[in-house]
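Take the given structure of chain L and dock chain U to it, following the hints.
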Amino acid sequence: MDFKEKVLQVIAEVCEDDVVKEEHDMDIFDAGLIDSFATVELLVQFEEQLAINVPITEFDRDTWNTPNAIVDRLNELK
Amino acid sequence: MTPYSSFLFFIILGVLLLPTMVLGIMGKRLRYYNVFVSIVVLAIIFSEGSAGFLSLVAFTALQLLLIKGYIAYRQKKNNSLVFYVMSMLSILPLILSKVLPILAVDNLASFLGISYLTFRAVQIIIETRDGLIKQQLSIYQLVHFMLFYPTISSGPIDRFRRFQKDEEKRWAPEEYKELLYKGINKIFLGFLYKFIIGYSINTYFIMNLDHIADGMFTYHLLYMYSYSLYLFFDFAGYTAFAVGVSYIMGIRSPENFNKPFISRNIKDFWNRWHMSLSFWFRDYVFMRFVFLMKKKKWIQNKMLVSNLGYILLFLLMGIWHGLAIQYIIYGAYHALMMTGFNFFETWNKKHKRWPTGRMMTVVSIIITFHVVCFGFYLFSGRPFQ
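Chains as they are written, first to last, in the numbering used here: chain L, 1 to 78; chain U, 1 to 385.
Worth flagging that the hints you see were computed from the coordinates, not collected in a lab.
A few of these clues could be false.
[What the hints assert, rightly or not] Below, in silico cross-link-like pairs of lysine to any residue (SDA-like), each with a Cα-Cα straight-line distance of 20 Å or less: (1) U:Lys134 <-> U:Phe83; (2) U:Lys134 <-> L:Leu50; (3) U:Lys259 <-> L:Phe29; (4) U:Lys302 <-> U:Phe344; (5) U:Lys295 <-> U:Val143; (6) U:Lys76 <-> U:Ser138; (7) U:Lys302 <-> L:Val10; (8) U:Lys350 <-> U:Leu304; (9) U:Lys295 <-> L:Lys21; (10) U:Lys302 <-> U:Phe343; (11) L:Lys78 <-> L:Asp35; (12) U:Lys296 <-> L:Phe29; (13) U:Lys297 <-> L:Val71; (14) U:Lys350 <-> L:Asn53; (15) U:Lys165 <-> U:Lys296; (16) U:Lys350 <-> L:Val71; (17) U:Lys267 <-> U:Arg288; (18) L:Lys78 <-> U:Gln300; (19) U:Lys302 <-> L:Lys6; (20) U:Lys295 <-> L:Phe59; (21) U:Lys169 <-> U:Val143; (22) L:Lys78 <-> U:Phe344; (23) L:Lys78 <-> U:Leu132; (24) U:Lys297 <-> L:Phe29; (25) U:Lys350 <-> L:Lys78; (26) U:Lys295 <-> L:Val19.
[Unchecked claim] Listed next, the stretches of chain L that the computed footprint assigns to chain U, with coverage defined by at least 3 CB atoms under 8 Å from CB atoms of chain U: (27) 7-15; (28) 40-52; (29) 66-77.
Just so it is clear, CB atoms sit at the ideal spot from N, CA and C, and this is done for glycine as well.
Just chain L, same shape as in the assembly (with noise of 0.2 Å):
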């Protein structure tokens, strides 16, 4: 598994939907997916799973909305 393909299967997890899967451009906030509590699941699963640290306040909703997007933020992160 790539790395791209790791991070959409940790949102899909967490959004319980396998949407964001094919709909990579999609807006997981506008759509309802994911909220503020979902949003801290997120982090801690890519700490875990990714090992990767994103502090809460660098997660911003406007760029991080949608998995391509996470999936580059994290690529910086990385």
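Relative to chain L, chain U alone:
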């Protein structure tokens, strides 16, 4: 002089901002002249009693010391205890300003805007802890952010890194014209909201309620609706002034309201009402609490963690408004509504009993509107008099 409360204030501001606008349209850097404007306006706002002014100076000096000290410390070490102590010290003046009046001691700690300024300062300490602010900040940067006069009395609560991006930006003439246009638009919207609609609701309706209502129940019911609308127009009006003047100064302060009365549920409402405050609590209280619980694995149950987070958030938000019975009950009420909705949402995700469609959206909006208005009724303190 209280900001945005008299026409004199607007006239002075208009004259002071004329050179800012001319410089902006010419594409010149706004920074230096704006420092001058800021000092003059701050002097006007705090010139009434010397006590408030001295408290402001002492408060700012303390926060600068804490922030600069913590950044210097954080560049070398990262001990959790130090972070918590520094955060507590930063909040201490705010706590004192709320507690001292109850103890009937002279309230020297308080001054206009202390609740809002505290949140701007603590936020810098938290982001330093998270490693997002690494470089030492200059006194100019900190003072300008903390004492940014357009938003000093009641927010919106900006974020340091966002503010800094705008502050460092050299606006091209076209960009500045756009900002100026939006800013002036907002200021006129503020006049409409605060001085026409809000003022009318208060003067012609709320103050005459004794004659309009024919019984206790009608009185309180009408008070609930009219106070809620008044609160919105008055505060949204103030915010429009604050954001509008910020734009003219070249700073895009965040918005506070996004059509709150068409919220579909209580969660939606808190994404639309007093946004800069609720997002602050979301990011720095709720999410941090949940993160801590999950990472340390102290509480495993999802529902319990999120509900405890909501209770913590809304009780704190209530107390933040003031240590009075109505604010504490207001906080508890919203904590109850959020946890109740949390249960409902999870249950409905499984069973899908709540129908969807346009009619149901309208029903949801009407229910939420009433839940919210009842909250403001509690907030007003009227039921406790």
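Results for each hint:
1. U:Lys134 <-> U:Phe83: Measuring from Cα to Cα gives roughly 15 Å; hence the hint holds.
2. U:Lys134 <-> L:Leu50: Since the Cα atoms of U:Lys134 and L:Leu50 sit roughly 24 Å apart, the hinted pair is violated (cutoff 20 Å).
3. U:Lys259 <-> L:Phe29: At roughly 18 Å apart (the allowed maximum being 20 Å), L:Phe29 and U:Lys259 satisfy the hint.
4. U:Lys302 <-> U:Phe344: Since the Cα atoms of U:Lys302 and U:Phe344 sit roughly 14 Å apart, the hinted pair holds (cutoff 20 Å).
5. U:Lys295 <-> U:Val143: violated (35 Å)
6. U:Lys76 <-> U:Ser138: Distance ~19 Å between U:Lys76 and U:Ser138 Cα, so the pair holds.
7. U:Lys302 <-> L:Val10: Given that 20 Å is the threshold and the Cα spacing comes to 17 Å, the pair holds.
8. U:Lys350 <-> U:Leu304: This hinted pair holds, its Cα atoms lying about 18 Å apart.
9. U:Lys295 <-> L:Lys21: violated (26 Å)
10. U:Lys302 <-> U:Phe343: With a Cα-Cα distance of about 11 Å, the restraint between U:Lys302 and U:Phe343 holds, given a limit of 20 Å.
11. L:Lys78 <-> L:Asp35: violated (24 Å)
12. U:Lys296 <-> L:Phe29: Violated. U:Lys296 to L:Phe29 sits at ~27 Å, over the 20 Å cutoff.
13. U:Lys297 <-> L:Val71: Answer violated: U:Lys297 to L:Val71 is near 26 Å, above 20 Å.
14. U:Lys350 <-> L:Asn53: violated (32 Å)
15. U:Lys165 <-> U:Lys296: Outside the cut-off at roughly 35 Å; violated.
16. U:Lys350 <-> L:Val71: Violated: U:Lys350 and L:Val71 sit about 30 Å apart, past 20 Å.
17. U:Lys267 <-> U:Arg288: holds (18 Å)
18. L:Lys78 <-> U:Gln300: Violated, because 28 Å separates the two Cα atoms, which is more than 20 Å.
19. U:Lys302 <-> L:Lys6: violated (23 Å)
20. U:Lys295 <-> L:Phe59: At roughly 17 Å apart (the allowed maximum being 20 Å), L:Phe59 and U:Lys295 satisfy the hint.
21. U:Lys169 <-> U:Val143: holds (18 Å)
22. L:Lys78 <-> U:Phe344: violated (38 Å)
23. L:Lys78 <-> U:Leu132: It holds: about 16 Å lies between the C-alpha atoms, which stays within 20 Å.
24. U:Lys297 <-> L:Phe29: Cα-Cα ~26 Å, so violated.
25. U:Lys350 <-> L:Lys78: With a Cα-Cα distance of about 36 Å, the restraint between U:Lys350 and L:Lys78 is violated, given a limit of 20 Å.
26. U:Lys295 <-> L:Val19: violated (27 Å)
27. 7-15: Not satisfied, violated; 0 residues make the cut.
28. 40-52: With 5 residues closer than 8 Å to chain U, the stretch 40-52 of chain L meets the three-residue bar; holds.
29. 66-77: As far as the stretch 66-77 of chain L goes, the hint is violated, because 0 residues have Cβ atoms under 8 Å from chain U.
Comparing the model with each numbered hint stated earlier shows that hints 2, 5, 9, 11, 12, 13, 14, 15, 16, 18, 19, 22, 24, 25, 26, 27, 29 do not hold.
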